[in-house]
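Peer 1: Mind docking chain V on chain X? Use the hints.
There are 2 protein chains.
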Amino acid sequence: MGIDPGSRITGYGIVDMDGSRSRHVASGCIQTASNRPLPERLKTIFEELTAVIQSWKPTEVAIEQVFMHRNPDSALKLGQARGAALCAVVLTGLPLSEYAPRAIKQAVAGTGAADKTQVQRMVSLLLSLSEPPSADAADALAVALCHGHTRQTLHRLGPAALLAGRRR
Amino acid sequence: MGIDPGSRITGYGIVDMDGSRSRHVASGCIQTASNRPLPERLKTIFEELTAVIQSWKPTEVAIEQVFMHRNPDSALKLGQARGAALCAVVLTGLPLSEYAPRAIKQAVAGTGAADKTQVQRMVSLLLSLSEPPSADAADALAVALCHGHTRQTLHRLGPAALLAGRRR
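One line per chain: the protein sequences are X and V, in this order.
Sequential numbering from 1 applies to the first sequence in the numbering used here.
Sequential numbering from 1001 applies to the second sequence in the numbering used here.
In isolation and in its complexed conformation, chain X is listed as follows (with noise of 0.2 Å):
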């Protein structure tokens, strides 16, 4: 399971993946109204997240790494949101990586350099999807993807690589 957290929308994705071929499960999203209360918003982000991860059972999940962001006051948000994301993963006990924006463009558009728009046309691609996701939901499928493949070789490379390549 790959989630993308926001402030305002959370997007999650779930493959399965079965050797190096993957699977769309489900993915969406969870919007939080901005005109909501900051608490109540969290408290959304947390008990959607959990039931999502209650009803498909994931046996892991990926999250995107966050760096320097340019805007303290976002920085502060997207942080709030993703507190509450996280919790509501490290609560279920499931194992948690992070993987940096490049490293998951490049996963699934073979650029770490690719737009929005790229990511979400490749993740149709590799799931054949019939539609594109919404971006959110693209973002967080992106994720899984790139914790699936890099599982896959990290699990060629033995046990011990996958604990080295595996940030919680």
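No wet-lab data here; the hints were simulated from the structure.
Computed from a predicted model, the values in this text were never measured in an experiment.
No false leads were mixed into what you were given.
Straight-line C-alpha distance at most 27 Å; calculated DSS-like pairs for lysine-lysine: (1) 1057/V - 43/X; (2) 1043/V - 57/X; (3) 1043/V - 43/X.
Chain V regions said to be covered by chain X (calculated; three or more residues, Cβ under 8 Å): (4) 1030 to 1041; (5) 1069 to 1079; (6) 1090 to 1097.
C-beta atoms are modelled at their ideal positions from N, C-alpha and C, and glycine is treated no differently.
Peer 2: This is chain V only, laid out in the frame that chain X set:
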């Protein structure tokens, strides 16, 4: 109960308000080791705050409002810790209020420009503590006292004022 969230240390303080009299019930700090992975640290904040709420059963919770931060990187870190702390509170269903830093300092030290040491000393004095609490516990107790005093005033003004004064 007042909470002062931080990425390394989250302070908490519980006071009992009886009319205009305030009594110290409990206070302390939740420390997270900076060399541990972020999800684990957020889990610690969430679980320990939940445990504090369960043992002391406060009836209302207050937290400091965060304004524009200078540094985006520390804003993200603070945001994540604050997100975890807010999740712990909202899941208990307790009413949550936010207060501006200046309002908190004003409430305990009589001036919005008070520094950390003044807040620590005044909290000690107001609660007749035999020794001053740590800076983070003192900040959390100051938030609790600010909420207690504001609540008192608003209660005298009637329930409509209480509702208007409470920022969720």
